[in-house]
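Undergrad: Residue-level listing of the chains:
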Amino acid sequence: MLSRQIAPIGLVLAMTVAGFVLARALGERDVERASKHRADVAVAEIRGRVAQGSDLAESLRGFMVDHVSPGVTNGQFVDIGSRWLAPAGLPAAAWVKRVPGSTRLRATLATRVPPIAVPGLDLGAAPSFSEAAARAARHPGPVATRLERLGDGTRGLYIVAAAPRRTGRKLEPGLVALFVPASWLLEPTRKSRSSGAVELRAGGAAAGNLGHATPVGSTFSALGRRFQVLVPKGAVRGPAALLPWIILGAGLVLSALAGVLGVSAARRVRAQRDADRIFNLAPELIAVAGFDGCFRRANPALQALLGYSEAELIGRPLLDFVHADDRARTEERTRALRDGAAQVAFENRNASKDGAYRWLEWTVTPVRDEQIIYAVARDVTERKSLADEQAALRRVATLVARGVSPAETFAAVVEEVARLFGAGGAVVARFEPDGAATVIVGVGQDVGEVTAGTRWEPGDPMAEPAGFRREERRPHGTRSVIGSPIMVEGRVWGTIVMSATGDPLPPDTERRMASFAGLVATAVANAESRAELTASRARVVTAADETRRRIERDLHDGAQQQLVSLGLGLRAAVEKLPPELAEVREELSATARGLAASAEELRELSRGIHPAILSAGGLAPALKTLARRSAVPVQLTISVDRPLPEHLEVAAYYVVSEALTNAAKHAHASEVTINVATEDSTIVLVVRDDGVGGADPERGSGLTGLRDRVEALGGTLALTSAAGEGTSLRAAIPIDEAEGLA
Amino acid sequence: VSAKPRVVLADDDVLLREGLASLLERSEFPVVAQAGDGTELVALVREHRPELVLVDIRMPPTHSTEGLDAAREIRDEFPDMGIVLLSAHVEVEHAMELLARGGKTGYLLKSRVTDVDEFLDTLGRVARGGSVVDPALVRELVDARRRDDPLAELTPREREVLGLMAEGRSNAGIGRQLWVTEGTVEKHVRSILSKLPLPSTEDDHRRVLAVVAFLEAR
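Sequences listed follow chains A and B, in order.
So the mapping is simple: this note's numbering equals the position in the first sequence, first residue as 1, plus 227.
So the mapping is simple: this note's numbering equals the position in the second sequence, first residue as 1, plus 4.
Read the hints as simulated data drawn from the structure, not as lab findings.
Quick caveat: nothing in here was measured; it's all calculated off a predicted structure.
Please note that the accuracy of each hint is not assured.
Unchecked claim - Here are the simulated DSS-like pairs of lysine-lysine, each with C-alpha atoms no more than 30 Å apart in a straight line:
(1) B:K8 / A:K851
(2) A:K263 / A:K397
(3) A:K803 / B:K8
What the hints assert, rightly or not - Which chain A residues stay away from chain B? Per the calculated CB distances, all over 10 Å, these:
(4) L348
(5) S448
(6) L797
Beta carbons are placed, not taken as given, at the ideal position from N, Cα and C, and that holds for glycine.
Modelling step: build the complete structure from the supplied sequences, incorporating the hints.
TA: See the structure below:
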């Protein structure tokens, strides 16, 4: 991967370096060539001088040889020197005669200019002169000494040629020596300036100065000597010098560019690959759609969920898959996108290929420039159904907590169960002591032709107390029947049976149904305890009433009547006494009056123990009696439109009686208003006083007893008694229920 | 009306019934028959056509208002027969019920019978055509507390007079009771009639009924 990025960079770098080197080499080569050329020019120029010197030496030799008697004189030689040498620019020449028996070579004839200023000068002392003289003797042409530095500091060489001096017939051996200064040899090069600095080497010393420059040389051979001409190698200049750097710079820039491009390309590739992987591997459901609402892409998770391949989805509107009930909402939310929302989120149900709906939670983001919508969804079906179930349980639990009638709870349970599990039918049935089950309430047809009252005999598969699940294959799917027992206080009270046709119900269905069965059990247990409580209160109240009635009867018809009888008997006895026993008569009469007073007292005492009038006259006279006897004035309004059962009248009587007692005893009221009315199937009593209020409902047993009495009849008792605002007691007792329990 | 009003007596308490019978026998009220319950009473009344019926309200079988029911039946059948109800306790409704059905009616507490003279006087008044209401009942009616009570207009003496009117006493009777002259009573009665919305009537029964109804309804 890395190499793929580096390869182009490496290539560019290598080419750059190669180009750099090549450009450098080409520059060098051009300079080399130019330098060589300059050297060649210098060689040609120097060679020309050497040849000129050689010609002069030849001419001098010819002069010496051709000149006849009496031989060349010094004056002639000087003259020749000034005539021949001066125009050429050469300073000096000599004719040298070897001194016999010695190595000395004496300049016999001299031009008398340095370095041969004096005749007789020993040129043999000059470096390499002897060697050149020897070579000249053997050589037909002139030869040259090495280029040497002379004693006076000048550099030069001698061109030597064997030149005998003819004197008459006689030939005197000798040599002509022409001094050639190095400056003269280099003069043309200096003049032409074509070659710049030039250094000339010919053995010995070097002439000219190249300084520190790298020399480029060329050689030529002349006068039996090898001359080396050196010129400084020129620097590479101008575009040629810049070119390698331009190449190098450009190359580096290019490779850096290639690197950057490579990296970004790699990143793009990686990003694309990551995006693809996310799209393909994400458990989230991802759809790409056009602004027309049609699928452009669907990731595998979405395909799997909906059960369609991407090919089947592409081009189809997303809305096609949305549950009909959710479409309007979905459209409304997506319209917000059109109106400029940056993102919208919503939930809807989507149909998969098998027809089942899944709840999806969408987050939709538009990319307006590309007219594309990215929609990401999560499958929240489980959560939804859980929430659904929780809500259903809560609704039922609320009913139970409110203490509605079991029938109402059962009806709610079968509705919720049928809806929640998609059941075709659901019933609540109750087990009879014989093992049969009786349907109390049912919805749907799927459980069978069941209605309230349907009886499943013992042994009927439906009347299975342990709970059950039966599944059977049907043309339209599996028919599942599940029974969940309703356990009340450890016994199987009844069963919830539910039936659904379609996919087999999930394994946790029983567990979920059990929650509902539990609520039903609670409702039943509550109702039973409530009924028991009511019944027991009713029994207590009835027993108390019965006792009061008996006491009242015993007092009035028994004790009181007996006192009256005794009084009568006493009176009769008095009548029989003879008139003379006046004192006894009077005593007995007093006793009889005492008996009568006792009877009267007994009557007063027993008043109100039990309202005997209720037995015959009904509630209104009894209440009127209470009102008359009240210590506080009473405004009594009775609008009772029907005869009431006696126990209800008794209850009403005691409510009013107790309220009046309280109004007189505690409230310091100046008036009490009593309203008794039948409203629908309820009798409502309101006793309101204008007293001090602040009555504590917990205080005293009077109100508690009343509450027991009223609630025993399924009624309610409410006390309102804000301080300073009087006391109001309201009792409402259902008439029908009272009859039912009577 | 014979000098000795014949009486049919009904009470389930044999002891009391015998006591009453003996008292009446001794007091010029011949008891022609005795009954232990309402049905028997009605049969005996039809048989003997007495001038006066003395009946306990509460009798078998239910011990509630059998006596009242029988009295109602008798009243319908024999409008001129005197009927005295005996009750163990005050029940205004019962008294009103009986009074409303006609004169010659009495409503007494049982304990009243031990005051023999008063009791016999009461029976005599009923037999003679008057209506009588037990003083305890009247007291309950008069004592009942009312806001804006019309009785507040009356003087204490007038209240007394009103109560006695309710008991079924004539002006003369009231005068005797209060140790005043009948003329003084008449003056009080006129004053009462001017203060209260009561009709002026010479009929004893109507007066009782009107006063009791007024007291009950005020």
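Undergrad: Run the distance test for K263 (chain A) versus K397 (chain A): straight-line Cα separation, threshold 30 Å.
TA: violated (51 Å)
Undergrad: Holds or violated: is the Cβ of L797 (chain A) farther than 10 Å from all Cβ atoms of chain B?
TA: It is violated; L797 (chain A) is separated from chain B by about 8 Å at its closest Cβ, not greater than 10 Å.
Undergrad: Given the proposed pairing of K8 (chain B) with K851 (chain A), does the C-alpha separation stay at or below 30 Å?
TA: Violated: K8 (chain B) and K851 (chain A) sit about 39 Å apart, past 30 Å.
Undergrad: With 10 Å as the threshold, tell me whether L348 (chain A) passes as away from chain B on beta-carbon distances.
TA: holds (182 Å)
Undergrad: Please settle this one: S448 (chain A) was flagged as non-interface, so is its CB more than 10 Å from every CB on chain B?
TA: holds (168 Å)
Undergrad: Under the criterion that the straight-line Cα-Cα distance not exceed 30 Å, is the pair K803 (chain A), K8 (chain B) satisfied?
TA: holds (22 Å)
Violated hints for the displayed structure, listed by number in ascending order: 1, 2 and 6.
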